[in-house]
Amino acid sequence: ETGVTQSPTHLIKTRGQQVTLRCSSQSGHNTVSWYQQALGQGPQFIFQYYREEENGRGNFPPRFSGLQFPNYSSELNVNALELDDSALYLCASSLTIAAASSTDTQYFGPGTRLTVL
Amino acid sequence: AQSVTQLDSQVPVFEEAPVELRCNYSSSVSVYLFWYVQYPNQGLQLLLKYLSGSTLVKGINGFEAEFNKSQTSFHLRKPSVHISDTAEYFCAVTFTGGGNKLTFGTGTQLKVEL
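Heads up: the sequence lines are chains X and S, in that order.
Mind the numbering: the first sequence is residues 1008 to 1124 in the working numbering, read in order.
Mind the numbering: the second sequence is residues 9 to 122 in the working numbering, read in order.
It is worth saying that the hints were derived from the structure and are not from the lab.
All C-beta atoms, glycine included, are put in the ideal place defined by N, C-alpha and C.
Just so you know, not all the hints are guaranteed correct.
[What the hints assert, rightly or not] So the derived label-pair ranges between C-beta atoms look like this: (1) X:1124 <-> S:28: 40 to 46 Å; (2) S:47 <-> X:1066: 24 to 30 Å; (3) X:1080 <-> S:70: 33 to 39 Å; (4) X:1023 <-> S:105: 45 to 51 Å; (5) S:66 <-> X:1107: 24 to 30 Å.
The task is simple: from the sequences and hints, build the whole structure.
Next comes the structure, spelled out in structure tokens:
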């Protein structure tokens, strides 16, 4: 069983640009969540996809968007990058019984470190 | 809304000494509680979780945590730490019916010294 992988490992962008981060979930996992972890902070929930549909969103603007694909991969897209978007972006996958389930273990990837200049 | 407070940003401890990392939560509904560990330049790994039943939960690497509903706490303990336990530890919650959307605390840096 392979773990959760993310690409790229590091990324440097300039303000105003757009970025796409990728995640490959564990095989069979139907749910993927994305988190933003600023330096010295705990991860903040961005959004979650369950069976390829958005299943909840945190306090992030619409320029943060995502997709989940049938092959257990997913994307996080951020438009019009701002300096404050510099952070570690983590994806986590889980096998969820139902969209409202709150008890399933999430398996995290190593993250993508995004720097916005 | 739910929130998690980790009272200590850093905890230094000598090797083989016991350690307790504190976590308190606030919620108007029932919660489920998690502890994750993050080693440098890595993602988060689940140490343990409390869903229901016995309030003392045992996890990996010799860690355990106790759920205290009256104190709204979920402190993490280890009787004897090792150098390899040096890492960032995060307490997190989800709430009943809210989906697997973790709300994290700000983390506690555990530094084990010789």
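Now for the hints, and whether the structure bears them out:
no., hint, verdict
1, X:1124 <-> S:28: 40 to 46 Å, "holds, 41 Å"
2, S:47 <-> X:1066: 24 to 30 Å, "holds, 28 Å"
3, X:1080 <-> S:70: 33 to 39 Å, "holds, 35 Å"
4, X:1023 <-> S:105: 45 to 51 Å, "violated, 39 Å"
5, S:66 <-> X:1107: 24 to 30 Å, "holds, 28 Å"
In summary, the one numbered hint that this structure violates is 4.
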